[in-house]
Amino acid sequence: MANFDVQRILEDQGSSCDVMYSGIFKTLQLTQENLVPYVGSDLHGFNGSTTKPWGYVDLIVTFGE
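Numbering of the sequence shown is given in our numbering, commencing with residue 308 and proceeding in unit increments.
No false leads were slipped in.
Simulated DEER-style distance windows between Cβ atoms:
#1 Tyr328 - Ser348: 19 to 25 Å
#2 Ser356 - Gly330: 17 to 23 Å
#3 Val368 - Gly347: 18 to 24 Å
#4 Gln339 - Gly371: 30 to 36 Å
#5 Gly371 - Met327: 20 to 26 Å
#6 Gly371 - Tyr345: 29 to 35 Å
#7 Asn354 - Asn310: 36 to 42 Å
#8 Lys359 - Leu337: 14 to 20 Å
#9 Thr369 - Ser348: 29 to 35 Å
Calculated from the structure, these hints are not laboratory results. Beta carbons are placed, not taken as given, at the ideal position from N, Cα and C, and that holds for glycine.
Turn these sequences into a full structure, and let the hints steer you where they fit.
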């Protein structure tokens, strides 16, 4: 999240996967080049639907000033 000030975040430690929605992806000015291909299994929703992740990205986070 380089050069972006984040006012608040929600940290959900109960989930086994972290999902970044496309709106956040665009807000952080990330591109497809920032993604590392994901070679794991598809994600399964509560309604039985499945989706293939685009990939993953490691974000360096600094707390404080």
